[in-house]
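Enquirer: In short: position in the sequence shown from 1, add 6, done, that's the numbering used here.
Please note: incorrect hints may appear among the correct ones.
What the hints assert, rightly or not - Dumping the calculated EDC-like pairs for lysine to aspartate or glutamate here, alpha-carbon to alpha-carbon at most 20 Å:
{"#": "1", "residue 1": "Lys45", "residue 2": "Asp72"}
{"#": "2", "residue 1": "Lys45", "residue 2": "Glu28"}
{"#": "3", "residue 1": "Lys31", "residue 2": "Glu20"}
{"#": "4", "residue 1": "Lys16", "residue 2": "Glu28"}
{"#": "5", "residue 1": "Lys31", "residue 2": "Asp68"}
{"#": "6", "residue 1": "Lys29", "residue 2": "Glu40"}
{"#": "7", "residue 1": "Lys31", "residue 2": "Glu73"}
{"#": "8", "residue 1": "Lys45", "residue 2": "Glu73"}
{"#": "9", "residue 1": "Lys67", "residue 2": "Asp36"}
{"#": "10", "residue 1": "Lys31", "residue 2": "Glu14"}
{"#": "11", "residue 1": "Lys29", "residue 2": "Glu58"}
{"#": "12", "residue 1": "Lys67", "residue 2": "Glu14"}
{"#": "13", "residue 1": "Lys9", "residue 2": "Asp36"}
{"#": "14", "residue 1": "Lys12", "residue 2": "Glu40"}
{"#": "15", "residue 1": "Lys33", "residue 2": "Glu43"}
{"#": "16", "residue 1": "Lys29", "residue 2": "Asp87"}
{"#": "17", "residue 1": "Lys12", "residue 2": "Asp36"}
{"#": "18", "residue 1": "Lys33", "residue 2": "Glu23"}
{"#": "19", "residue 1": "Lys75", "residue 2": "Glu28"}
{"#": "20", "residue 1": "Lys75", "residue 2": "Glu40"}
{"#": "21", "residue 1": "Lys55", "residue 2": "Asp72"}
{"#": "22", "residue 1": "Lys31", "residue 2": "Glu43"}
{"#": "23", "residue 1": "Lys33", "residue 2": "Glu58"}
{"#": "24", "residue 1": "Lys16", "residue 2": "Glu58"}
Hints listed in this document are in silico derivations from the structure and should not be mistaken for laboratory results.
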Amino acid sequence: MAKNIKSEIKIQIELDENRVPEKLKWKAADGGVESAEAKAMLLAMWDSKVQETLQINLWTKDMPVDEMKVFFHQTLVAMADTYHRATDDEKMT
């Protein structure tokens, strides 16, 4: 029987007094990331029991709109590529 390996990705969010994100930090030791800052994150998890996507979408209050536009564009392109590789569905891609 194969041994399961576990890996962790940790996300730390610093909030202001109104609970608005000021800093986002993450680490993934297995990937060689010990402490990296980010201005935004989109996390989606699929709950197959209820057939629903659970999401956490955060960005820091000082993230410029121009950077947000680039972030969303790159994310959508990556999602389309991932979907195409997973399904080979040209029409949806």
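Enquirer: The structure should be examined with respect to each hint, and the outcome stated for every one.
Expert: So, going through the hints one by one against the coordinates:
1. For the hint pairing Lys45 with Asp72, the CA-to-CA distance comes to about 12 Å; that is within 20 Å, so the pair holds.
2. Straight-line distance between C-alpha atoms of Lys45 and Glu28 comes to about 9 Å, which keeps the hinted pair within the 20 Å bound.
3. Taking the CA atoms of Lys31 and Glu20, the gap is about 8 Å. The hint holds against a cut of 20 Å.
4. Pair hint Lys16 plus Glu28 holds up; C-alpha atoms about 17 Å apart against a cutoff of 20 Å.
5. A threshold of 20 Å between alpha carbons decides the hint, and for Lys31 with Asp68 the separation of about 15 Å falls inside it, so the pair holds.
6. Restraint check: the Cα-Cα separation between Lys29 and Glu40 comes to about 16 Å, which is no more than 20 Å; the hinted pair holds.
7. Note on Lys31 and Glu73: the hinted pairing holds, with a Cα-Cα distance of about 18 Å set against a maximum of 20 Å.
8. Among the hinted pairs, Lys45 with Glu73 is consistent with the structure: their alpha-carbon atoms are about 9 Å apart, no more than 20 Å.
9. For the suggested pair Lys67 and Asp36, the alpha carbons sit about 30 Å apart, so the restraint of at most 20 Å is broken.
10. Taken as a hint, the Lys31 and Glu14 pair is honoured in the structure, with Cα atoms around 14 Å apart against an allowance of 20 Å.
11. At most 20 Å may separate the alpha-carbon atoms for a hinted pair to count; Lys29 and Glu58 exceed this at roughly 28 Å.
12. For the suggested pair Lys67 and Glu14, the alpha carbons sit about 27 Å apart, so the restraint of at most 20 Å is broken.
13. For the hint pairing Lys9 with Asp36, the CA-to-CA distance comes to about 17 Å; that is within 20 Å, so the pair holds.
14. Under the criterion of a C-alpha separation no larger than 20 Å, the hint pairing Lys12 with Glu40 is consistent with the structure, at around 17 Å.
15. Only pairs whose Cα atoms come within 20 Å are accepted, and Lys33 paired with Glu43 is accepted, the gap being roughly 9 Å.
16. Proximity of Lys29 to Asp87 is assessed by CA-CA distance (about 29 Å); at most 20 Å being required, the pair is judged violated.
17. Taking the CA atoms of Lys12 and Asp36, the gap is near 10 Å; set against the 20 Å cutoff, the hint holds.
18. Restraint check: the Cα-Cα separation between Lys33 and Glu23 comes to about 25 Å, which exceeds 20 Å; the hinted pair is violated.
19. For the hint pairing Lys75 with Glu28, the CA-to-CA distance comes to about 19 Å; that is within 20 Å, so the pair holds.
20. At roughly 27 Å between alpha-carbon atoms, Lys75 and Glu40 are farther apart than 20 Å, so this suggested pair is violated.
21. Distance check on the hinted pair: Lys55 and Asp72 sit about 38 Å apart at the alpha-carbon level, beyond 20 Å; violated.
22. Distance check on the hinted pair: Lys31 and Glu43 sit about 4 Å apart at the alpha-carbon level, within 20 Å; holds.
23. Annotation: proposed proximity of Lys33 to Glu58 is violated, straight-line Cα distance about 27 Å (limit 20 Å).
24. Between the alpha carbons of Lys16 and Glu58 the distance comes to roughly 23 Å, so the proposed pair goes past 20 Å and is violated.
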